[in-house]
Amino acid sequence: MASIETLSQPIYVYEKPVRLWHWINALAIVALAVTGFLIAWPPVVTSGEASDHYLMGYIRFVHFSSGYVLAVGLVGRAYWALVGNRYARELFAPRVHDAYWWQALLHEVRWYLFLVEEPRKHAGHNPLAGLAMFLFYVLGSVFMIVTGFALYGEGLGSGSWAANAFGWVLPALGGSQQVHSLHHLGMWYLVVFTLIHVYVAVREQHLSRQSVTTTMIDGWRVWKDDRP
Amino acid sequence: MATTARPETFYDVMRRQGVTRRSFLKFCGLTASALALGPEFIGTIAHAMETKPRTPVLWLHGLECTCCSESFIRSAHPLAKDVVLSMLSLDYDDTLMAAAGFQAEAMLEDTMQKYKGRYILAVEGNPPLNEDGMFCIVGGKPFVERLRYAAKDAAAIIAWGSCASNGCVQAARPNPTQATPIHKVITDKPIIKVPGCPPIAEVMTGVVTYMLAFDKIPELDAQGRPKMFYGQRIHDKCYRRPHFDAGQFVEHWDDEAARKGYCLYKVGCKGPTTYNACSTVRWNNGVSFPIQSGHGCIGCSEENFWDKGSFYDRVTELNVFGVEANADKVGLAAAGAVGVGIAAHAAVSIAKKKDHEKETQE
Ligand code: HEM
Ligand code: HEM
Ligand code: SF4
Ligand code: SF4
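Read top to bottom, the protein sequences are chains A and B.
Going letter by letter, the first sequence gives residues 232 to 459 in our numbering.
Going letter by letter, the second sequence gives residues 5 to 366 in our numbering.
By construction, these hints were calculated from the structure, which means they are not laboratory data.
Every residue gets a Cβ at the ideal spot worked out from N, C-alpha and C, and that includes glycine.
Hints are all accurate, no fakes.
Cut-off 30 angstroms, straight-line C-alpha distance, at most; resulting in silico cross-link-like pairs (BS3-like, lysine-lysine):
| # | chain 1 | residue 1 | chain 2 | residue 2 |
| --- | --- | --- | --- | --- |
| 1 | B | Lys-188 | B | Lys-145 |
| 2 | B | Lys-357 | A | Lys-455 |
| 3 | B | Lys-120 | B | Lys-231 |
| 4 | A | Lys-455 | B | Lys-358 |
| 5 | B | Lys-118 | B | Lys-220 |
| 6 | B | Lys-362 | A | Lys-455 |
| 7 | B | Lys-156 | B | Lys-231 |
| 8 | A | Lys-455 | B | Lys-356 |
A few chain B residues that face chain A, going by a derived Cβ cut-off under 8 angstroms, partial list only:
| # | residue |
| --- | --- |
| 9 | Pro-246 |
| 10 | Thr-277 |
| 11 | Glu-307 |
| 12 | Thr-320 |
| 13 | Ala-331 |
| 14 | Val-352 |
Per the computed footprint, the stretches of chain A lying under chain B, defined by three or more beta-carbons under 8 angstroms from a beta-carbon of chain B, are:
| # | segment |
| --- | --- |
| 15 | 264 to 274 |
| 16 | 279 to 285 |
| 17 | 385 to 392 |
| 18 | 395 to 402 |
| 19 | 426 to 432 |
Input sequences plus hints: build the corresponding full structure.
Structure, rendered in structure tokens:
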């Protein structure tokens, strides 16, 4: 396992497609959360004829196009997990069958509880980050995509591709209204992840023994010391 | 009933009831248009009614308020109503039929025997299952027994209204009588769900006529509702939709926007999540429908609509957590807690780092 070796040379961790995907995905999520919230609590136009305005229409348009970006992006990212380097696979497959991984996860938790002086080095994600990314981001986005396209299929109408592919979700989760509520709740699930994720990325850049934020920019994992 | 050489057709019944040939053909035309079929189908319907042996309909009442019957007998096309009623009332409907008591029960028996495997069973209301079904007694027996008995030899079952389709108010939390929709009690027959509280009269007569005239059940969606009436949401055909897309919303019941007839989304209209024909067929001879009268849709044809929070909220309460809270209350609480946690954690991290730097300098 990479983290037991002595890490001193910079490692190319995040290839270009992964970095590009990360930032496009981050933008899409922000756009989805903002427009999604506005769909639930829309701003109000008071003047003129209905035909003079299309505010709700534009908000929904941005939401649905960002939804496509998120979905297509995730499919592309999954494809890259198959053809990309070993680190590209981590997002989808936390190493839960690996005893060392659990031990390293515990170490990371203790690092966050200020119980150990320093974190270990990890070429890819540290186990805690990897687990959070899988549980929050992967599962969360899949849930948002499935429920999102189920709702989208209602607008496209029965017989549309989205209704055919995802229409079953509506009765399975208790009907359209319930799916709206769960989709809405899912937004908060991802918001909570994003808050923690950004905090941790910035914190680790400064406090850990390796580069973090810059790794998602230029792809290279750089080490701050020579110790294992 | 007099025995004729060939089996009695619908046409025979209608003529016997005093319906003229001219009215009969008009009825066929109306039916074709109500079902959105082209003019060429008028002949098909007429031919079917003249030649096919009639299919009797038995209409049972369980735990219900009779609003479905009330709606049904107010169908917009008096002709359709008269004709359909004359076909129905011959058999069994304990609210509408002339017979009562033992005579009525005998008629039920009689039809069931004579048309074994061919009659349609229409059910209004649902059976409560708690206490062995004792919360609804019909003819001296729990309704659930009668339902099972009558369903045994039926060709198909129509579940009238939200009660029969989804349970409706008597099945709302905590559902003390354990009122249960038909499809959870009868599982071996085709069931056509016609939800709504009540369903629209024209939708009801449309479904019955389709089944009687074509001798088959209409095309159903995945939840068992006829596609021709439940294929779209209220929101998809609502005449206030342009205001929705524009962002023109009513925010208070007495504001200027309400007077101007803007979209009712922000005051809780459930049109975007409700499948029904109100915004196209409308009510009371097509005069109006709730949204046109200034009130949001309450989602009466959707499953468990009584248990889905306020009729006047856009973001509705979630019952999943056992506490009254909507997605935003839950989410804001979680995000707020995480935010405070991050701030505290960041403060400790910075303090620690400063300490550490001092130590290493010393
Ligand atoms: C991170 C991902 C997403 C977030 C945070 C998000 C957020 C939201 C929120 C908060 C709502 C309002 C729910 C309500 O209270 O009614 C909403 C509605 C909706 N979302 Fe998403 N969403 C996401 C992904 C998607 C995707 C991938 C699609 C697929 C195209 C999608 C399609 C929809 C649709 C169709 C609606 C209902 C719009 C309407 O009723 O007018 N969403 N979304
Ligand atoms: C300004 C905002 C953001 C910053 C600074 C940021 C930073 C980073 C960094 C530094 C990494 C690499 C972690 C490592 O070195 O192991 C990363 C990975 C990741 N981030 Fe972000 N991120 C941001 C926003 C987001 C958002 C909004 C999401 C989605 C909700 C997201 C999802 C992810 C995922 C899934 C990974 C794993 C990538 C992979 O393994 O392929 N990020 N982020
Ligand atoms: S009034 Fe209701 S159904 Fe009509 S457009 Fe507005 S939200 Fe949709
Ligand atoms: S508008 Fe909505 S609540 Fe009103 S009758 Fe139609 S489906 Fe039911």
